[in-house]
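With the hints as extra help, turn the sequences into a complete structure.
The residues making up each chain are set out below.
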Amino acid sequence: MKKKTIFGNWEASAIIINLICTKIFLNYPRLAAEQGGTAAWIFTIYISVLALVGFTVIQALYKPFEGKDLLDVAELAAGNPGRIIVGLVIIFSAGWCATAYMRVFSENIKLIALTTSPLSFVELFFIVCLVVGAYLGTEALSRLHAFSVSFIASGYLLIMVGVVNYIDFGNLLPILGNGVNEIFINGAPRVSVFFEMLFLFLLTPFLKRHGNMKATGYWSLGFSIFFLVLSALVYTSVFPYPSSLERTIPIFHIARLIKLGRFFQRMESVFLFIWAAAALLYISVCFYFILFAFQKAFQLDYYKPLIIPFAIIIMAVSFIPTDFTEVIIYEVNIFRNWSWIVAFVMPILLLIIARLKKKKPARKGQAA
Amino acid sequence: MISGDYIVLIVFLLCVAVYTVSYGVWTWKKGNRFGAIMVFLVAVLTVALPVYILIFKEV
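Heads up: the protein sequence lines correspond to chains A and B, in order.
Here numbering that gives the first Met the number 0 is used: position 231 in the first sequence is 230, and no number is missing along the way.
Here numbering that gives the first Met the number 0 is used: position 52 in the second sequence is 51, and no number is missing along the way.
Read the hints as simulated data drawn from the structure, not as lab findings.
This one's a predicted model, so the numbers in the text were calculated from it and none came from an experiment.
Each hint should be verified, as a subset may be incorrect.
Unchecked claim - In silico lysine-lysine, DSS-like type, Cα no more than 27 Å apart, as pairs:
hint, chain 1, residue 1, chain 2, residue 2
1, A, K109, B, K56
2, A, K62, A, K207
3, B, K29, A, K67
4, A, K303, B, K29
5, A, K357, A, K207
6, A, K207, A, K358
7, A, K62, A, K213
8, A, K359, A, K62
9, B, K28, A, K303
10, A, K213, A, K67
Below, the structure is given as structure tokens:
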């Protein structure tokens with residue numbers, strides 16, 4: 000009998016928290032400053048509220064489908080074509096996340112540490128990790144997250160606390176930054192920052208009960224919101240607008256400022272460690288979900304024979320964009336503007352259709 | 000003239016593609032025709048994409 004993997008709320012929450020918050024080490028504080036100006040923290044709170052509302056709706060609709068993931072729901076809603084289409088959407092979305100983040104993190108590591116190494120050499124480290132992660136499976140990945148995310152979060156908070164001397168709340172004025180229109184109207188699609196919540200609906204079979212999925216969702220959203228708001232607040236209060244738009248790696252530039260007496264300097268080395276750890280975990284999980292979705296969508300028996308082919312494809316695709324800037328343009332202007340449709344609208348539509356289809360046979364039975 | 004590194008890389012890619020195709024054949028024999036076709040597509044991309052990158056892009 001095949002052993003069914005079950006893991007706890009903390010493991011699942013750690014996965015989702017890392018998935019959502021890794022972008023803090025990438026470009027999120029700058030994205031928030033671009034959108035909200037000096038009101039980056041207000042903008043972050045606003046999109047967080049939207050994400051909470053979206054999740055509340057989805058988890059309420061999810062009650063009758065306890066233990067089923069989004070692909071199961073898609074199959075209930077639209078049969079085999081539904082499962083395949085949703086599977087392909089998840090594969091392409093997770094594929095973009097994996098390739099974009101791998102390219103951007105590799106380019107940033109080249110920028111900071113390995114300046115003369117070829118990009119393919121840097122990416123090879125990521126590929127080895129995601130192949131190993133995929134072979135070990137979801138249980139190993141979840142336990143690794145449960146262990147590592149606390150250290151990553153502690154390192155991140157250490158960096159935030161370390162720049163307390165440089166915080167100037169005067170940099171947060173004017174209070175509404177780029178204006179109400181930019182923050183609340185044009186900024187609404189940026190709820191795509193929480194796109195990675197979608198992966199919680201693929202973890203539901205591992206969480207078993209609906210109550211566990213609900214608790215995991217709210218806890219992971221809560222922690223993620225706290226970390227995102229803190230990053231936006233600290234970044235815009237340390238670097239005044241518009242100079243905050245110029246930093247390639249915002250948290251790295253914050254870490255470089257830390258100098259506590261004669262003993263604590265060069266804290267960017269701590270940043271490099273937690274940044275690499277977060278990136279490796281993020282890409283490994285995205286890669287696992289690509290394989291999971293591919294196996295389930297096309298009803299394959301095993302995903303392990305596809306690990307190395309997909310790893311090769313991911314690495315090849317990551318080299319298609321000409322440079323780092325092109326990846327950031329696609330990530331910020333396209334993915335983080337439109338992926339809210341995949342993350343929130345698609346699950347809501349599928350759940351509504353599946354619920355209606357579930358009610359129909361019951362009504363036919365009553366009529367007879 | 001193709002360098003030795005590229006030849007080694009292409010041989011490796013072909014080995015991976017052959018392994019993937021064998022999984023596709025097994026899936027086909029099990030009755031999952033559509034799944035097998037998707038696995039064959041993955042095998043093709045495993046060779047095509049890296050070769051495209053080697054020819055047209057700088058790594």
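Do the hints match the structure? See the list:
A threshold of 27 Å between alpha carbons decides the hint, and for K109 (chain A) with K56 (chain B) the separation of about 18 Å falls inside it, so the pair holds. Note on K62 (chain A) and K207 (chain A): the hinted pairing holds, with a Cα-Cα distance of about 12 Å set against a maximum of 27 Å. Pair hint K29 (chain B) plus K67 (chain A) holds up; C-alpha atoms about 25 Å apart against a cutoff of 27 Å. Proposed proximity of K303 (chain A) and K29 (chain B) is supported: the alpha carbons are some 17 Å apart, at most 27 Å.
Only pairs whose Cα atoms come within 27 Å are accepted, and K357 (chain A) paired with K207 (chain A) is accepted, the gap being roughly 20 Å. For a cut-off of 27 Å, the pair hint linking K207 (chain A) to K358 (chain A) stands: about 23 Å separates their Cα positions. With a C-alpha separation of about 10 Å, the suggested pair K62 (chain A) and K213 (chain A) falls inside the 27 Å cut-off, and the hint holds. Restraint check for K359 (chain A) and K62 (chain A): the C-alpha separation of about 17 Å stays at or below 27 Å, so the hint holds.
Among the hinted pairs, K28 (chain B) with K303 (chain A) is consistent with the structure: their alpha-carbon atoms are about 18 Å apart, no more than 27 Å. Under the criterion of a C-alpha separation no larger than 27 Å, the hint pairing K213 (chain A) with K67 (chain A) is consistent with the structure, at around 14 Å.
Checked against the numbered hints given earlier, this structure breaks none of them.
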